[in-house]
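On the provided structure of chain A, position chain B as indicated by the hints.
Protein chains: 2
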Amino acid sequence: MKILITSGGTAEKIDQVRDITNKATGRLGQVMAEYFLAKGHEVSFVTSKHGLVPQAHPKLTTYPITNVQDLLDTLEPLVKNHDAIVHAMAVSDYTPLYMTDFETVAKSSDLTEFLQKSNLETKISSHSDYQVLFLKKTPKVIGLIKTWNPSIQLIGFKLLVNVTKKQLFEVARDSLIKNQASAIVANDLLEISGDQHLAYMVLSDGEKMASTKQEIAQLILEHLERGHND
Amino acid sequence: MKILITSGGTAEKIDQVRDITNKATGRLGQVMAEYFLAKGHEVSFVTSKHGLVPQAHPKLTTYPITNVQDLLDTLEPLVKNHDAIVHAMAVSDYTPLYMTDFETVAKSSDLTEFLQKSNLETKISSHSDYQVLFLKKTPKVIGLIKTWNPSIQLIGFKLLVNVTKKQLFEVARDSLIKNQASAIVANDLLEISGDQHLAYMVLSDGEKMASTKQEIAQLILEHLERGHND
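So the protein sequences, as listed, match chains A and B. Position one of the first sequence corresponds to residue 436 (my numbering), numbered consecutively onward. Position one of the second sequence corresponds to residue 436 (my numbering), numbered consecutively onward.
Keep in mind that a hint or two might mislead.
[To be verified] Listed below are the simulated BS3-like cross-link pairs for lysine-lysine, each with C-alpha atoms no more than 25 Å apart in a straight line:
1) A:Lys552 to A:Lys575
2) A:Lys458 to B:Lys572
3) A:Lys575 to B:Lys571
4) B:Lys458 to A:Lys448
5) B:Lys542 to A:Lys542
6) A:Lys458 to B:Lys552
7) B:Lys484 to A:Lys448
8) A:Lys494 to A:Lys437
9) B:Lys437 to A:Lys542
10) B:Lys575 to A:Lys572
11) B:Lys448 to A:Lys448
12) B:Lys572 to A:Lys542
13) B:Lys542 to A:Lys571
14) B:Lys575 to B:Lys458
15) A:Lys448 to A:Lys494
16) A:Lys575 to A:Lys484
17) A:Lys542 to B:Lys571
18) B:Lys484 to A:Lys484
19) B:Lys437 to B:Lys643
20) A:Lys571 to B:Lys575
21) A:Lys552 to B:Lys571
22) B:Lys552 to A:Lys572
23) A:Lys571 to B:Lys572
24) B:Lys572 to A:Lys448
25) B:Lys572 to A:Lys552
26) A:Lys571 to B:Lys552
27) A:Lys571 to B:Lys643
28) A:Lys458 to B:Lys484
29) B:Lys448 to A:Lys484
30) A:Lys458 to B:Lys571
[Claimed, not checked] Have a look at the derived ranges for each label pair, beta carbon to beta carbon:
31) A:Leu507 to B:Glu660: 50 to 60 Å
32) A:Ser543 to B:Ala473: 48 to 58 Å
33) A:Thr547 to B:Asn554: 21 to 31 Å
34) B:Thr501 to A:Lys575: 28 to 38 Å
35) B:Lys572 to A:Ile627: 27 to 37 Å
36) B:Asp545 to A:Gln504: 15 to 25 Å
[Unchecked claim] Negatives, chain B to chain A, calculated, CB over 10 Å:
37) Asp518
38) Thr547
39) Leu550
40) Val567
Bear in mind the hints are in silico, worked out from the structure with no lab data behind them. Keep in mind it's a predicted model, so treat the numbers as computed, not measured. C-beta: ideal position from N, C-alpha, C; glycine also.
For reference, chain A alone in the conformation it holds in the complex (with noise of 0.2 Å):
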């Protein structure tokens, strides 16, 4: 199979010297990544940065993007010449649109003004005690995939922090039927320490535990064999 997965965490200029970033290592990507490729198939690896990348392998390709938007640019034509991806890279759901000191919004009389605006400066002053940062909505990057090609399989995650299993099967639930997943990994950020790591598939009929980023991969792959049809 000719595998993609996404990794790491994207990161968005607040300006030249200061980002928003998720927090993500790559680790779980990392882990995957040399799995998939020990049991034959083929992987692209889409990763931000400061990802943690697979070691170098003849059927291993790397792409290294920055924000929301260079991933959309990066995936779009992979995703159609991929049999499946795994989209486990932490994407930022906000972009930062226009930054500026507190007092120049209080005396603002409509606050949309600010919504039209982009910093013209390349490093924001820093002089005001209190500043206002206006972010905007990033596109719903798993959303695309489908439309993009319609046959590939789909494995989503969902990382939510401190909520219940009924919680959290039901968000990867609802993204698993928006999304036109395959599967959705749901897991909470508070049951993660380095190599432990509860994740569960989520399907549309039950749901499968993995304790390590290990038995997640292998949990993900023999997923993704059963559903190849070649």
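The following block gives chain B in isolation, referenced to the frame of chain A:
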């Protein structure tokens, strides 16, 4: 000499999964530490999670930190028992206070209410098209160093983006006086790429130029050794 180096960049939490980070690889700090150690000095190395670290050495101690508060708590006792500090870390000017949807902010009659709030949720939800993040200025770490230890030799850094030499030197000299630094190393992001790294050591009576990270390390060490009286 006992030399303290800060390197890399701080990360300020928006919530459990999102941070505001400063672009900094920690490469310069790494080069300086290895050079100072090779010249027989003792090095304490304070850096962020993703910062590059020097090779292990019997005279090297490393202190990992995350945000500005953590940096302050770690530095204060260290500053008191070192001969010199080279403060190269990119420190966040602002730290997140509160994030909420644009509509909530737009209909408020007094925006100062948001400066008193903090997010109780562990992962801020992402339904609104626009969000607003309120931020508060962080303490200026460089300004505290000589108050903790008036006899420490302080080398500060100033990174600007796309400015004239005149502007760069003025801003550096202001910092030199204000923070009672022994020198400020001034650089422009546009003049840094990989090991090519133009920088100017700004002193009260002139500037000295370096064009690689290795040369910056040499300039700084010569300066520190000249100023050290034992």
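Checked hints:
1. Our distance criterion of 25 Å between C-alpha atoms is met by A:Lys552 and A:Lys575, whose separation comes to about 23 Å.
2. Of the supplied pair hints, the one linking A:Lys458 and B:Lys572 holds, its CA atoms being roughly 23 Å apart against a limit of 25 Å.
3. The straight-line distance between the Cα atoms of A:Lys575 and B:Lys571 is roughly 30 Å, outside the 25 Å bound, and the hint therefore fails.
4. For the hint pairing B:Lys458 with A:Lys448, the CA-to-CA distance comes to about 10 Å; that is within 25 Å, so the pair holds.
5. Restraint check for B:Lys542 and A:Lys542: satisfied, since their Cα atoms lie roughly 14 Å apart, inside the 25 Å limit.
6. Straight-line distance between C-alpha atoms of A:Lys458 and B:Lys552 comes to about 23 Å, which keeps the hinted pair within the 25 Å bound.
7. A distance of roughly 20 Å separates the Cα atoms of B:Lys484 and A:Lys448; the hinted pair therefore holds under the 25 Å criterion.
8. Annotation: proposed proximity of A:Lys494 to A:Lys437 holds, straight-line Cα distance about 9 Å (limit 25 Å).
9. For a cut-off of 25 Å, the pair hint linking B:Lys437 to A:Lys542 is broken: about 50 Å separates their Cα positions.
10. The hinted pair formed by B:Lys575 and A:Lys572 fails the criterion: a straight-line CA distance of about 32 Å is larger than 25 Å.
11. A distance of roughly 16 Å separates the Cα atoms of B:Lys448 and A:Lys448; the hinted pair therefore holds under the 25 Å criterion.
12. Proposed proximity of B:Lys572 and A:Lys542 is supported: the alpha carbons are some 20 Å apart, at most 25 Å.
13. Restraint check: the Cα-Cα separation between B:Lys542 and A:Lys571 comes to about 18 Å, which is no more than 25 Å; the hinted pair holds.
14. Restraint check for B:Lys575 and B:Lys458: satisfied, since their Cα atoms lie roughly 18 Å apart, inside the 25 Å limit.
15. For the hint linking A:Lys448 to A:Lys494, the alpha-carbon distance of about 33 Å lies beyond 25 Å, and the restraint is violated.
16. Between the alpha carbons of A:Lys575 and A:Lys484 the distance comes to roughly 21 Å, so the proposed pair stays at or under 25 Å and holds.
17. Between A:Lys542 and B:Lys571, the direct Cα distance comes to roughly 18 Å. Compliance with the 25 Å bound is thereby established for this hinted pair.
18. Of the pairs offered as hints, the one joining B:Lys484 and A:Lys484 holds, with about 14 Å between alpha carbons and a cut-off of 25 Å not exceeded.
19. With a C-alpha separation of about 24 Å, the suggested pair B:Lys437 and B:Lys643 falls inside the 25 Å cut-off, and the hint holds.
20. Taking the CA atoms of A:Lys571 and B:Lys575, the gap is about 30 Å. The hint is violated against a cut of 25 Å.
21. Annotation: proposed proximity of A:Lys552 to B:Lys571 holds, straight-line Cα distance about 21 Å (limit 25 Å).
22. Between B:Lys552 and A:Lys572 the CA atoms are separated by roughly 22 Å; this keeps the pair inside 25 Å, and the hint holds.
23. For the hint linking A:Lys571 to B:Lys572, the alpha-carbon distance of about 23 Å falls within 25 Å, and the restraint holds.
24. For the hint linking B:Lys572 to A:Lys448, the alpha-carbon distance of about 19 Å falls within 25 Å, and the restraint holds.
25. This hinted pair checks out: B:Lys572 and A:Lys552 have alpha carbons roughly 22 Å apart, not beyond 25 Å.
26. For the hint pairing A:Lys571 with B:Lys552, the CA-to-CA distance comes to about 21 Å; that is within 25 Å, so the pair holds.
27. The suggested pairing of A:Lys571 with B:Lys643 is violated, with an alpha-carbon distance near 44 Å, which exceeds 25 Å.
28. Using a Cα cut-off of 25 Å, the hinted pair A:Lys458 and B:Lys484 holds, with the two alpha carbons roughly 11 Å apart.
29. Under the criterion of a C-alpha separation no larger than 25 Å, the hint pairing B:Lys448 with A:Lys484 is consistent with the structure, at around 20 Å.
30. Our distance criterion of 25 Å between C-alpha atoms is met by A:Lys458 and B:Lys571, whose separation comes to about 22 Å.
31. A hinted range of 50 to 60 Å for the beta carbons of A:Leu507 and B:Glu660 is consistent with their spacing of about 52 Å.
32. Against the hinted window of 48 to 58 Å, the Cβ-Cβ separation of A:Ser543 and B:Ala473 comes to about 56 Å, which satisfies the hint.
33. The supplied range of 21 to 31 Å is met by A:Thr547 and B:Asn554, whose beta-carbon atoms lie about 23 Å from each other.
34. A beta carbon spacing of about 29 Å between B:Thr501 and A:Lys575 agrees with the range 28 to 38 Å that was offered as a hint.
35. For B:Lys572 paired with A:Ile627, a C-beta distance near 33 Å keeps the hint of 27 to 37 Å intact.
36. Separation of B:Asp545 from A:Gln504 is about 36 Å and departs from the stated range, judged on CB atoms against 15 to 25 Å.
37. No Cβ of chain A comes within 10 Å of the Cβ of B:Asp518; the nearest lies about 30 Å off, and the non-interface call holds.
38. Annotated as non-interface, B:Thr547 brings its C-beta within 10 Å of a C-beta of chain A; the closest such distance is 7 Å.
39. For B:Leu550, the non-interface assignment is contradicted: its Cβ lies about 6 Å from the closest Cβ of chain A, within the 10 Å cut-off.
40. At the 10 Å boundary, the C-beta of B:Val567 falls inside the reach of chain A, the nearest C-beta of that chain being 6 Å off.
In the structure shown, a violation is registered for the earlier hints numbered 3, 9, 10, 15, 20, 27, 36, 38, 39, 40, in ascending order.
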